[in-house]
Amino acid sequence: MSEETPLLAGGSPYDRFSRPEKRLFVAIVAWTALLPLFVSGSFVPSIPQIASDLHTTASVISLAVSMAVLATAIGSLSSASYSTFYGRRPIYIFCLPFLCVGSFGVGLSTTVPELLFWRFTQALGASCGWSLGAAVIGDLYKLEERGTALGVYYGMAMLGPALAPLCGGELSANLKTCFNLPLDVGLAAHYSSWRHMQYIIGLSGVIAFLAVLVLLPETMHLGTSGIEKLKRATGSSRRLFWINPLASLGLLRSPNLLAASITGTTALITDFVLLLPLAYTIGQRYGISNEALIGACFLPSGLGNMVGGVFSGRLSDYMVKKWRKRRGGEWVPEDRLRAAIFSSAVLVPASVLCSGLVVQFVGGTLGLVLSLLCLFFNGMAVSYHQSLPLLLADEKYCDDQLVSVLSTISAYAVDILHHRSAEAVAASKSTHRRLKSDVRLTSGLRALFLAFGSAAIMPLMQSIGPLATDAIAAGLAWLSFIALVATIKYGDRMRAWIDVGYSTAEENS
29 MSEETPLLAG
39 GSPYDRFSRP
49 EKRLFVAIVA
59 WTALLPLFVS
69 GSFVPSIPQI
79 ASDLHTTASV
89 ISLAVSMAVL
99 ATAIGSLSSA
109 SYSTFYGRRP
119 IYIFCLPFLC
129 VGSFGVGLST
139 TVPELLFWRF
149 TQALGASCGW
159 SLGAAVIGDL
169 YKLEERGTAL
179 GVYYGMAMLG
189 PALAPLCGGE
199 LSANLKTCFN
209 LPLDVGLAAH
219 YSSWRHMQYI
229 IGLSGVIAFL
239 AVLVLLPETM
249 HLGTSGIEKL
259 KRATGSSRRL
269 FWINPLASLG
279 LLRSPNLLAA
289 SITGTTALIT
299 DFVLLLPLAY
309 TIGQRYGISN
319 EALIGACFLP
329 SGLGNMVGGV
339 FSGRLSDYMV
349 KKWRKRRGGE
359 WVPEDRLRAA
369 IFSSAVLVPA
379 SVLCSGLVVQ
389 FVGGTLGLVL
399 SLLCLFFNGM
409 AVSYHQSLPL
419 LLADEKYCDD
429 QLVSVLSTIS
439 AYAVDILHHR
449 SAEAVAASKS
459 THRRLKSDVR
469 LTSGLRALFL
479 AFGSAAIMPL
489 MQSIGPLATD
499 AIAAGLAWLS
509 FIALVATIKY
519 GDRMRAWIDV
529 GYSTAEENS
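Under the working numbering, read the sequence shown as residues 29 to 537, first letter to last.
It is possible that some hints are incorrect.
Derived DEER-like restraints, expressed as beta-carbon distance ranges [claimed, not checked]:
no., residue 1, residue 2, range
1, LEU401, VAL234, 15 to 23 Å
2, THR84, ASP43, 50 to 58 Å
3, ASN272, HIS224, 21 to 29 Å
In silico EDC-like cross-links for lysine to aspartate or glutamate, where the CA-CA straight-line distance does not exceed 20 Å [as the list claims (entries may be wrong)]:
no., residue 1, residue 2
4, LYS350, ASP520
5, LYS349, GLU173
6, LYS349, ASP520
7, LYS257, GLU246
8, LYS170, ASP43
9, LYS353, ASP520
10, LYS50, GLU173
11, LYS517, GLU358
12, LYS353, GLU142
13, LYS353, GLU172
14, LYS170, GLU49
15, LYS349, GLU172
16, LYS259, GLU246
17, LYS170, GLU246
18, LYS350, GLU173
19, LYS50, GLU142
20, LYS170, GLU358
21, LYS50, GLU246
22, LYS350, GLU142
If you're looking for bench data, these hints aren't it; they were derived computationally from the structure.
Every residue gets a Cβ at the ideal spot worked out from N, C-alpha and C, and that includes glycine.
Generate the whole structure from the sequences, applying the supplied hints.
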């Protein structure tokens with residue numbers, strides 16, 4: 029199979045691939061989306077060791093996290109813009125080598141500037157995994173199936189938050205034993221183990237690159253790419269073009285997409301507030317110094333992401349079908365957001381606020397258990413913001429909060445701007461992450477905000493403490509809930525204010 033695989037003659041563009049082929053493609057793009065989460069998740073638990081190895085402070089090494097988030101924003105916006113013009117497959121093939129080279133570079137770094145440069149390169153290459161993965165699914169699945177497919181995609185990808193910190197921490201503590209390194213070789217052998225995790229990520233990137241090269245065809249609908257339209261209009265055979273990566277941000281003139289992006293961003297901020305300083309909050313509060321155990325503390329959040337991602341997608345599709353049937357077949361894009369109401373109002377802010385209260389006032393085993401439960405519910409809440417509409421349809425799934433929020437918002441972005449879904453998701457992800465071009469828009473915007481926000485978390489935590497920091501994050505989440513409700517209630521009027529080329533029901537069928 030190649031990128032030249034044609035559409036079925038006379039058929040729907042969503043019927044050109046068989047179900048087994050679609051599942052294979054979802055698995056491949058989920059693998060590419062898993063890698064960015066390992067890039068970030070395996071790094072955070074090792075920050076104290078990296079700081080010691082490079083003879084600096086944890087606050088300085090935390091800048092590498094901010095650099096990675098900034099690179100993700102730039103990469104999401106760029107890959108989204110170029111994939112809308114050239115197609116999904118060429119951008120995967122171009123970006124993934126940067127992930128591989130950057131990973132090996134991080135592992136070989138001996139100074140802070142080297143570490144920051146290679147982390148930026150690594151994250152830049154990995155960024156295509158999130159924005160393009162959602163766009164590919166938008167290419168493959170029609171409106172009523174998209175949420176379910178996105179849920180499966182996010183559920184698979186969210187293995188990263190569950191496993192990456194554990195792998196990173198475990199390797200940092202025990203890999204020297206696996207490689208039979210002598211104990212008397214000193215600090216270098218102990219701290220070199222975090223480097224091995226980077227080499228493993230690099231090799232995984234090579235596998236992803238080969239899978240895309242051999243198995244993934246071009247999924248973009250025939251005749252819809254920018255270069256095909258340009259050739260038809262001008263007859264030009266030119267193949268190289270400069271595309272402004274920030275052009276996707278113009279989609280944020282849409283108040284609907286901006287509000288959805290802000291909601292997703294604030295959900296992720298609560299996630300960062302809980303996870304980034306985890307070694308210094310839960311770790312110090314409950315006397316956990318072993319790297320493997322600190323990594324294991326990330327598991328509840330990752331498990332919540334997985335559970336929320338799988339079920340929230342199905343629920344959001346259910347909400348679209350349910351409300352469309354109520355209106356006699358009329359489709360309103362904002363129906364997909366209804367599943368996010370409970371998660372945005374309760375699960376996201378309450379989980380982060382309760383975590384601050386527990387760390388501040390509850391010690392011992394009980395405090396540790398409650399803190400881990402807060403991480404689980406927060407992870408589910410992010411999932412809700414990805415596919416919120418689904419979750420609200422069935423209250424028994426309301427635990428999967430965080431992933432639900434993000435998947436719902438990504439699906440909503442794809443619905444309203446299907447022809448530019450990758451850019452929409454990228455723009456939103458610059459703040460937060462539409463399926464095709466719109467998906468990249470949401471991603472880029474979210475990442476831009478997170479790049480600055482994540483850099484402020486550690487200093488804020490040190491100056492005002494965990495409880496006050498968590499309370500600020502919860503307050504932002506409640507403010508974003510107001511924006512979400514306004515979008516659901518007045519979405520049609522908001523779309524009428526500024527038309528950025530919204531999709532119709534026919535374009536999503």
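The hints, checked one at a time:
no.: 1; hint: LEU401 / VAL234: 15 to 23 Å; verdict: violated, 38 Å
no.: 2; hint: THR84 / ASP43: 50 to 58 Å; verdict: holds, 56 Å
no.: 3; hint: ASN272 / HIS224: 21 to 29 Å; verdict: violated, 39 Å
no.: 4; hint: LYS350 / ASP520; verdict: holds, 18 Å
no.: 5; hint: LYS349 / GLU173; verdict: holds, 10 Å
no.: 6; hint: LYS349 / ASP520; verdict: holds, 18 Å
no.: 7; hint: LYS257 / GLU246; verdict: holds, 16 Å
no.: 8; hint: LYS170 / ASP43; verdict: holds, 9 Å
no.: 9; hint: LYS353 / ASP520; verdict: holds, 18 Å
no.: 10; hint: LYS50 / GLU173; verdict: holds, 12 Å
no.: 11; hint: LYS517 / GLU358; verdict: holds, 16 Å
no.: 12; hint: LYS353 / GLU142; verdict: violated, 57 Å
no.: 13; hint: LYS353 / GLU172; verdict: holds, 12 Å
no.: 14; hint: LYS170 / GLU49; verdict: holds, 15 Å
no.: 15; hint: LYS349 / GLU172; verdict: holds, 7 Å
no.: 16; hint: LYS259 / GLU246; verdict: holds, 18 Å
no.: 17; hint: LYS170 / GLU246; verdict: holds, 17 Å
no.: 18; hint: LYS350 / GLU173; verdict: holds, 13 Å
no.: 19; hint: LYS50 / GLU142; verdict: violated, 40 Å
no.: 20; hint: LYS170 / GLU358; verdict: holds, 16 Å
no.: 21; hint: LYS50 / GLU246; verdict: holds, 12 Å
no.: 22; hint: LYS350 / GLU142; verdict: violated, 53 Å
When each numbered hint is compared with the structure, violations occur for hints 1, 3, 12, 19, 22.
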